[in-house]
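Participant: Now for the letters of each chain:
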Amino acid sequence: MFKAKVLIKRRKTILDPQGKAVEIGAKHLGLRNIKNTRIDKYIEFNVHTDNKKAAEDEVNDYCKKLLANPIMEDYEFTLEEV
Amino acid sequence: MLSETKSRLSGRLPKFGVVVFPGSNCDHDTYYVLKKIFDLDVIFLWHKQSSLENCDVIILPGGFSYGDYLRTGAIARFSPIMNEVINFANKGGFVLGICNGFQILLEAGLLPGVMIRNESLNFVCKDIYLKTENKETVFTKEIDGQNVIKVPIAHGEGNYFADDNTLKILEDNNQIVFRYSKRDGSITNSANPNGSVRNIAGIINRAGNVLGMMPHPERSSDSVLGKTDGSLIFKSLVNNIFN
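Line order of the protein sequences matches chains Y and B.
So for the first sequence, numbering that gives the first Met the number 0 puts the first residue at 0; every next one is plus one.
So for the second sequence, numbering that gives the first Met the number 0 puts the first residue at 0; every next one is plus one.
Next comes chain Y alone, as it looks inside the complex (with noise of 0.2 angstroms):
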């Protein structure tokens, strides 16, 4: 079995509404050095095989049909066997 670790972040050309409403609360915490806050999907789960390549295989599938939407996001992923 592994467990799989997937990134999903929104191409920098698309607006972030949520990073940009959150970086105006540092700028009132007084923290002047942050830029760019992009808010971006961390998903987790566990893939049962014990073949690695049927794994990625899935994980591939699962990301690009379903958990990203290849539009506006990228996704990298890790599988950890556990």
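These are calculated hints, taken from the structure and not from any lab test.
Take these hints with a grain of salt, some might be off.
[Stated by the list, open to error] To give a feel for the contact side, a few chain B residues facing chain Y, derived at Cβ under 8 angstroms:
no.: 1; residue: Tyr68
no.: 2; residue: Leu69
no.: 3; residue: Arg70
no.: 4; residue: Ala73
no.: 5; residue: Phe77
no.: 6; residue: Val113
no.: 7; residue: Asn117
no.: 8; residue: Leu120
no.: 9; residue: Val123
no.: 10; residue: Lys125
no.: 11; residue: Asp126
[To be verified] Cross-link-like lysine-lysine pairs, in silico, DSS-like; alpha carbons within 25 angstroms at most:
no.: 12; chain 1: B; residue 1: Lys226; chain 2: B; residue 2: Lys134
no.: 13; chain 1: B; residue 1: Lys90; chain 2: B; residue 2: Lys125
no.: 14; chain 1: Y; residue 1: Lys63; chain 2: B; residue 2: Lys47
no.: 15; chain 1: B; residue 1: Lys167; chain 2: B; residue 2: Lys125
no.: 16; chain 1: Y; residue 1: Lys4; chain 2: Y; residue 2: Lys26
no.: 17; chain 1: B; residue 1: Lys34; chain 2: B; residue 2: Lys226
no.: 18; chain 1: B; residue 1: Lys167; chain 2: Y; residue 2: Lys11
no.: 19; chain 1: Y; residue 1: Lys11; chain 2: Y; residue 2: Lys26
no.: 20; chain 1: B; residue 1: Lys140; chain 2: B; residue 2: Lys90
no.: 21; chain 1: B; residue 1: Lys34; chain 2: B; residue 2: Lys47
no.: 22; chain 1: Y; residue 1: Lys64; chain 2: B; residue 2: Lys47
no.: 23; chain 1: B; residue 1: Lys90; chain 2: Y; residue 2: Lys64
[Stated by the list, open to error] Which bits of chain Y does chain B cover? Going by a derived footprint, with three or more residues having C-beta under 8 angstroms, they are:
no.: 24; region: 16-22
no.: 25; region: 25-35
Where is the CB? At the ideal position from N, CA and C, for every residue including glycine.
Use these hints to put chain B onto chain Y, whose structure you have.
Facilitator: Using the frame of chain Y, we list chain B on its own:
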């Protein structure tokens, strides 16, 4: 309205299907308008069924399907009925996505682009004006002579985005059907309630049979509510899809 609509028909009336996803909440409003205001044949279609039951028009209603989890519309797009809706649309069947329904159409790839959080981060619920940019669609023909309609919006993620190339294709093919405007039809930043690129509020596919729009025509179709401009969209469908 009813007799006027029927009198213009050559005969057959379309049958409407309103898809119900877990979390849809404008399904009953849409059903009510079609049934009680237009006196049409309309049925609910549960998202797990795989038949569209010979409907002529499929409506994906507003709401928060699957709690808007992951991305709006992303999970509903994989409900069993969506395979049928996609096949139906690809064969020329008429599909109208309203609000969350529009978001589902984007996720399903039936329309281009994506929806992101409103620029203000606020959920915006108010009446807005829409400039009808394309009155030659089956969804908008009855708006002729009245370019600007007043229809409410109610969404947190209606900030439409598409890359420049996609926008050029949409513009070149007259696929931008509605833009947020002022009452006089002028397209301004102040009339844009959510930050949508180029004030886009509704787009149609190239073939002209799939329309997605963020505003809610079903909430402005019953005169009891003090506004009826939204009914022009349903009336357009009834009067034009068989003509």
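Participant: If a hint holds in the structure, say so; if it does not, say that too.
Facilitator: Okay, the hints, checked on the actual structure:
no., hint, result
1, Tyr68, "violated, 11 angstroms"
2, Leu69, "holds, 7 angstroms"
3, Arg70, "holds, 6 angstroms"
4, Ala73, "holds, 6 angstroms"
5, Phe77, "holds, 7 angstroms"
6, Val113, "holds, 5 angstroms"
7, Asn117, "holds, 7 angstroms"
8, Leu120, "holds, 5 angstroms"
9, Val123, "violated, 13 angstroms"
10, Lys125, "violated, 19 angstroms"
11, Asp126, "violated, 23 angstroms"
12, B:Lys226 <-> B:Lys134, "holds, 20 angstroms"
13, B:Lys90 <-> B:Lys125, "violated, 36 angstroms"
14, Y:Lys63 <-> B:Lys47, "holds, 23 angstroms"
15, B:Lys167 <-> B:Lys125, "violated, 30 angstroms"
16, Y:Lys4 <-> Y:Lys26, "violated, 31 angstroms"
17, B:Lys34 <-> B:Lys226, "holds, 18 angstroms"
18, B:Lys167 <-> Y:Lys11, "holds, 21 angstroms"
19, Y:Lys11 <-> Y:Lys26, "holds, 21 angstroms"
20, B:Lys140 <-> B:Lys90, "holds, 22 angstroms"
21, B:Lys34 <-> B:Lys47, "holds, 23 angstroms"
22, Y:Lys64 <-> B:Lys47, "holds, 19 angstroms"
23, B:Lys90 <-> Y:Lys64, "holds, 23 angstroms"
24, 16-22, "holds (count 3)"
25, 25-35, "violated (count 0)"
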